[in-house]
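Participant: Listed below are the residues making up each chain.
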Amino acid sequence: MKHEEALKEWDLVIEPQSSLLQLNLKDVWRYRDLLWLLVKRDFVSFYKQTILGPLWFFIQPLFTTIIFTFIFGNLAGLSTDGLPQPLFYMAGITAWNYFADCLTKTSTVFRDNANIFGKVYFPRLIMPLSIVVSNLVRFGVQMLLFFMMIGYYAYTGADFHLNAYVLLFPILVLLMALLGLGLGLIITALTTKYRDLAFLITFGVQLMMYATTVIYPLSAAPAAYKWVIELNPMTGIIEAFRYGFLGEGSLTFQTLGYSIAFTLIALVLGVIIFNKTEKTFVDTV
Amino acid sequence: MSNTAIKVENLSKIYRLGEIGTGTISRDMERWFKTKVLKQEDPFLKIGETNDRANKGMSDIVYSLQDINFEINQGDAVGIIGRNGAGKSTLLKILSRVTTPTTGKINIKGRVASLLEVGTGFHPELTGRENIYLNGAILGMRKREIDRKLDEIIDFSGVERYIDTPVKRYSSGMIARLAFAVAIHVDAEIILLDEVLSVCLRHDDVAIGCRADDAIGIRSS
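For the protein sequence lines, the chains are A and B, in the order given. Per our numbering: the first sequence = residues 49 to 333. Per our numbering: the second sequence = residues 27 to 247.
Among the hints, erroneous ones may be present.
[Claimed, not checked] Listed next, the in silico DSS-like pairs over lysine-lysine satisfying Cα-Cα at most 25 Å (straight line):
1) LYS60(B) to LYS327(A)
2) LYS88(A) to LYS60(B)
3) LYS33(B) to LYS88(A)
4) LYS131(B) to LYS88(A)
5) LYS241(A) to LYS60(B)
6) LYS327(A) to LYS131(B)
7) LYS324(A) to LYS131(B)
8) LYS194(B) to LYS327(A)
9) LYS96(A) to LYS60(B)
10) LYS60(B) to LYS74(A)
11) LYS96(A) to LYS131(B)
Hints were generated in silico from the structure; no laboratory data involved.
Isolated chain A (complex conformation):
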């Protein structure tokens, strides 16, 4: 490798094209402090000059749960597999929100940060990674709310079963983060030059929620469309999530395995495309 040889004598070699797989992950590691500072920035700036501060993290899922319980539970009368409705929706919303936030925020990372990226070099991957981690903080706070609800319903003796599959939780969180990140990276890279996809993503994510088992269980999906819903990689994750915490859901190794495979492919593809785009996007964004 010519590139490697040159690097022995020089600290840095800048060339027009480099191999697709030259990802500079070492560089990303060197800038890890920046990652934490960006996460801190997001968190701190979110609640500056607010009275309720971090409490705002609770309010959104809480109100969504109330509205969903009213509309989908009471008015439309959708099945919740016999689970208490608020608990059922809360589980879906919390998980879905984390994925959706990761996806929508990373899908505009080039456009939103064009200013910084155009002026100073640091591994661009730091920015989307910081988004995923900041959302994780938010997700953690919302999980607290979910745990409180679980506690409340356990106290009132509602019918649900926390079980050993809850140990899958860290893996599920990682899957949601990486899936959102991977898809987001692909979209942000594709939209630096042609912005068409950016329009799709804003309402696409909203619509995709209905193709995921957030407001209904997979078992209640009509047989004719079930395969469409199962094609959605988030379905397997949310079903597993619900199965672990509440004991109802369709957790099979096929669906979860499919979600894992889909996530890994999206992630690898996303990182490669992002890495290729970051070098010249300043000229086209």
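Here the structure of chain A is known, so what remains is to put chain B in place on it, guided by the hints.
Facilitator: Only chain B this time, still in chain A's reference frame:
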């Protein structure tokens, strides 16, 4: 061992004029087809023209930089002078890895700190102190390093009294001073400066002169 710090060979950069629209996608395909499938030379390089902003040209592809070769030795302070649109900033952007060259190669020895603009990444809601950390990290400093230099940076900036106030309440001059103070404390062998000095130099000249001694500076303004 030679003491060359920056070596630039045959550096070129082309830009496309006009808007990016539906016309661009067909050109992209043409370019992709000719270079990747037919293994021809990049057609854009042939129709590219010298960058002369005053005259109307035939093509919408221009060379912002064309076949630049130079070497800079350790200890040199180099200034780049040219008219608007001559390519000074483009060169600095390529050197600081914000964008890549179209052709050519650059070898660099030493850590690079590029100050193409002071205060990049400042967040208005954060305090001066928080912004020192954030901005320092963006410029490539480790947190430990900033901890160590914090007092020095605050001292240099001369805004100690406001350091725990959000920077949105600062005057523009104060923001510039703070940002410059952070930037100048990055440990680097090579410092690239692009019009940053136009902002905040009055009686600070001496201090900056001293620091620039141990760095190679490339300056454009």
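Participant: State for each hint whether it applies.
Facilitator: Results of checking the hints against the structure:
1. With a CA separation close to 22 Å, the supplied pair LYS60(B) and LYS327(A) stays within the 25 Å bound.
2. Using a Cα cut-off of 25 Å, the hinted pair LYS88(A) and LYS60(B) is violated, with the two alpha carbons roughly 47 Å apart.
3. Distance hint between LYS33(B) and LYS88(A) is unfulfilled; the C-alpha atoms sit about 39 Å from each other, more than 25 Å.
4. Taking the CA atoms of LYS131(B) and LYS88(A), the gap is near 38 Å; set against the 25 Å cutoff, the hint is violated.
5. Using a Cα cut-off of 25 Å, the hinted pair LYS241(A) and LYS60(B) holds, with the two alpha carbons roughly 20 Å apart.
6. For the hint linking LYS327(A) to LYS131(B), the alpha-carbon distance of about 15 Å falls within 25 Å, and the restraint holds.
7. Of the supplied pair hints, the one linking LYS324(A) and LYS131(B) holds, its CA atoms being roughly 18 Å apart against a limit of 25 Å.
8. A threshold of 25 Å between alpha carbons decides the hint, and for LYS194(B) with LYS327(A) the separation of about 32 Å lies outside it, so the pair is violated.
9. Simply put, LYS96(A) and LYS60(B) have alpha-carbon atoms about 54 Å apart, too far for the 25 Å limit, and the pair is violated.
10. With a CA separation close to 35 Å, the supplied pair LYS60(B) and LYS74(A) exceeds the 25 Å bound.
11. Under the criterion of a C-alpha separation no larger than 25 Å, the hint pairing LYS96(A) with LYS131(B) is inconsistent with the structure, at around 46 Å.
Comparing the model with each numbered hint stated earlier shows that hints 2, 3, 4, 8, 9, 10, 11 do not hold.
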